[in-house]
Every structure is written in structure tokens, then in C-alpha cells.
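So the sequences go chain by chain: A and B.
Each residue of the first sequence is one higher than the last, beginning at 1 in the working numbering.
Each residue of the second sequence is one higher than the last, beginning at 1 in the working numbering.
If a hint is listed, it holds; no wrong ones were tucked in.
Restricting the straight-line Cα-Cα distance to at most 35 angstroms, the calculated cross-link-like pairs of lysine-lysine (DSBU-like) are:
hint, chain 1, residue 1, chain 2, residue 2
1, A, 14, B, 203
2, B, 103, A, 267
3, B, 101, A, 14
4, B, 288, B, 71
5, B, 288, A, 109
By construction, these hints were calculated from the structure, which means they are not laboratory data.
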Amino acid sequence: MKTKSLEGSQRTGKIVTYAALILGSVIMIFPFVWMILTSFKTQAESMKIPPVIFPAQWMLSNFSDAIDSLPFVNMYANTILMIVFRVIFAVLFSSMAGYAFAKLRFRGKNILFGIVLMQMMLPSQIFIIPQYQMVAKLGIANSIAALVFPGLVSAFGTFFLRQAYLGIPNEVAEAAYLDGCNQWQTFTKVMFPLTSSSVAALTVFTAVFAYSDLMWPLVVNSDLNMMTLSSGLATLRGQFSTNFPVLMAGSLLAMLPMVVLYLFFQKQFIEGIAMTGGK
Amino acid sequence: MHTKLSRAGRIEQHWGWFMVAPTIIGLLVLNVWPFIQTVYASFCEHLGFGHYKFIGLDNYVNMFQNAEFWKATGNTLLFCVLTVPVGIFLSLLVAVMLNAKVKFKGGFRTIFFLPMVCAPAAVTMVWRWIFNADYGVLNQIFGSNVKWITDPNVALISCAVVAIWSSIGYDAVLLLSGLQNISRSYYEAASIDGASKITQFFKITLPMVSPTLFVTMIMRLMASLKVYDLIYMMVEETNPALTNVQSLIYLFYRESFVAGSRGSGSAIAVWTVLLIGIATLFQFWGQKKWVNYEV
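Please put together the full structure from these sequences, using the hints given.
If you want it as C-alpha cells, here you go:
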């Protein structure tokens, strides 16, 4: 009798859990579904009261309208180039510095690492006006270089990869050293490959962060042809303020590449971002 | 370091300097120097083309007398109050449910995490549509007539809803990793002693996950204090609700890059940094009361 009631309460608990998770999932997914459905409707159809759920005819014209009003090819290219360069710089320089901070002895190490920590604690907006002035002075506003500029080095990446190198026993480096590797070879041939999962996490983090960033690309590249997907999309905010199907089509186009990557590599994405602990 | 280094030690030292050089030089140029410049600029008037004139405390005096500035500070704090407790609570709930033996765990996790990989610019666009007062689906579902993003009394709440929706999956994943570290044996022992699930949650789960909970809360609070993109996308500059919604960083953006007053913009940035610092100190001070580091 007693076990029966226990089983019963467990079953109720299970049902409540599933119901809550499914309800939560519906709330999470609904905006995306609504975005997709709206992007295929005509403007008149989207404004019907009560709302029409499925479009009578799946219109592709909203997508061509979105592409006509924003240079999507350029925006994709700019975003991809910005991400690629930021990832390369973050991985290269942060691996070098992370390794040195974790494994090498040199004078000034603590003070220099203090600079890394300081940068991590301050919000990026405190740097943005002088950074913008530098870009303007260098005459590189409205370029890929300008988009990459604040991402040339990564304090967070340095901190994160230092943790990864701290996790590798010193004996590994010593063995390589005794085998005749010099410091650089020890680093590139032996130590760096051992951090691959952390490097993957940093890559995901850097890419998602750069892709979402709004203020810097907005400030530094005002030419529509040099905008990223995020900043370009932001310019649509005021225009088309009533033509939601076109806005939804544009947003969908801007979101699609990252979402597809995410669905293919969800394990790397989730673990990567969870591992980095975000910023 | 007074003793002379061996040859190998010297070589190691040179490699150390060489390998940190790109990062350190980059940080000095891109962050340390700009930080000093921003603090200095907050005591200056911007004359255009990057030229500044020292004016002492005027920017701060003007700032503290400016109602819009205090409103932005209040909006930012209110935004934190609206998003952090509810967001963390819901994230913990999701994490606890995903930590139980449920099917499709991976699928649920994927769905809850999805907003994290979508640019806020794109995500807010669909929320603007959902919240649209005339044709938006929300008013139609509830049969209401609320101006979700143009009513000064409502718009900040709408922004908070989007913020919570965006961050639940991410915070839940962080909390889930904390929950997974709790040994099953604690729960088994508690079950034998006849403790209910609810008692188990408060006596085992909550204390054991409190360090992760603390880190997640700090991060969420810091992110909320510097909120910008979401509010910028939801509430454009012509929106009548602007002053009731704009955050400090939004005001900073408008002041520095729209109005071009980089001196007073810098003062807002410095103020925001101070606010974040104070909030973080409070959290670290308060953690002694509830965070459990013993196990």
C-alpha cells in the first residue's frame, strides 16, 4: 500500500516535470516558429485579425525584398571575415600567452597577468571611445580591419587557455624538453595539441560573441556595405516598421547560418559556451 | 629573483616574454591606454576630432543634475531587479528538471539554449513583432490592447521578458553542470531517511549548488548592468518610452556616438564601471551568508 502511493507520487512528479519542460520548450520555440511563418506571408495576411497561422501561399518575395533592401552578401562576408580573423588572433596569441603564464618562469609574470585580469573585469564600453578614435586616426573605419580591431588580443582567451595549460602536468613538457625540443617546439608540437578541446571552446565563444556584438560594428562601420549581420539588421528597425514579413525574412537570413552550425555542432556549442563560463 | 638565473632559466625567461608580448602589447594599446583616456576624457570637454579640453568635474556635476541620467540609472537597476531573480529562479528550475531522469534531455537542452546562438538584433526583431500593439500575436491571444513597447510603464517589463527568455538556457546549462557534480549517494541516503523531494532540494541540492549559483548570479548581474543591445533594438530613439527604458550603456551610446559629447559619455561609462564594482562587492560580501564552500 505504502509503495503504491510512493509510485503514484513519483508518476505525478514525472508528469509535472514533462508538462513543465514541454510548456517551457513551446515558449522558447514559439518566437522562432512565428518568425518563420510570418516570413512567408503577405503583409496583408500578417496583419489579419484574428491571426492566420499558416500562409495561404508560401511567399518567397519577402526574402528577395529583404535582400534588395540590405546587402546580405556583403554582410555575410563581413561577418565571416570578422569571425575568422578574431578566432585566429584569439587562439594564436592567447595560446602563446596562456602557455607562458601557466608553464614558464619569467620576471614580471604576476604584474603582466594582473593586466589580463583587469581587462576581464572591466566592461568593454569603457574602452570603446578611445578605440574608435584610434580606428578613425588610422583611417581604417569602414573596413574588416576595423571590425577585427578590439579582438586582436583576448584577455579572456588568455585566462581561459592558461587554465587549460595549468591542467597539463609539468612532466609532459619536461619529457619533450629532454627529448630535445626547444621551448617553441615543446609548445607547438606537444602542449598546444593537448588543449584542443579548450581551443574549440574558445573558438565557439569568440565566434558567437563577435556575431552577436552590436555596438562596436555599429560605431565603427557606418557604410551599409561594411556592416555585419547584426548591425545591418539594426538599420532595418526604423524602416519597414510595419512590413513585418520582410523584417522576419531579414532576421531569419541573419540567424540561419549560426543556427544551422549550432544544430550540427550542438555538443561543441553548448559545452564550449558552458566551459568558457561566458563573459 | 636576486639570484642570477642559469642559462636555461634565462632562455626560459626570454621565451616567456616573447610569448606574452603580443597579448600584453595588445592589451596595453587596446585596453589599458583607452581606459586611462576614458577616465581622463570624463574630466574634459570634447572639442571635436579627438581633441579634449580639461574642465574638471563639470561633466560629473552636470550628470548628477541631469534627470535623464538618474532615470537611466534607475532603469538599469530596475532591469536587474526584474531579470536576475526571476531569470535565475527559472534557470534553476529548468536545470533541476533536466538533471532528473527525463527522456529527450538533449533535445530540451538544445531548445532552451537556442537563443544564445542567435544575435540579439535578430531575436528582438521577432519580439517586436509579437509585442506589436496593433497586429502582434500577444495582444490577439489575450484579447488585450497593451502597448508593450511604446507604453512608458510597460516597455521595460517587455524588455525584461525578452532578456529572461534569452538567458534561461545559458544559465540553466551552467547550473546543470553544478548539479551534475552532486553525488547521487546524498539523495539515496536522504530517501532512506524518508526526506521528501522538496526537503531534499532545500537541504541537499540548494546548498551543494550554491557556489555555481553564485557565479551564475554574478555573471547575470554584470551582464544586466551593462545591458544595451536588447534595449537598443526594442526601443528606438523615437519611441515615446525611451527615457523610461534606456539603460546607462544605451545613454552612453547616444551621448558619445549620436550626440558626440564624448566627455560626458565617458563620465557615464566611468559611473557604470563604479556601479558594477559596487554591485560585485555587495555580492561577494553577501555570499558569506548563503554560499556553501564546505563540500
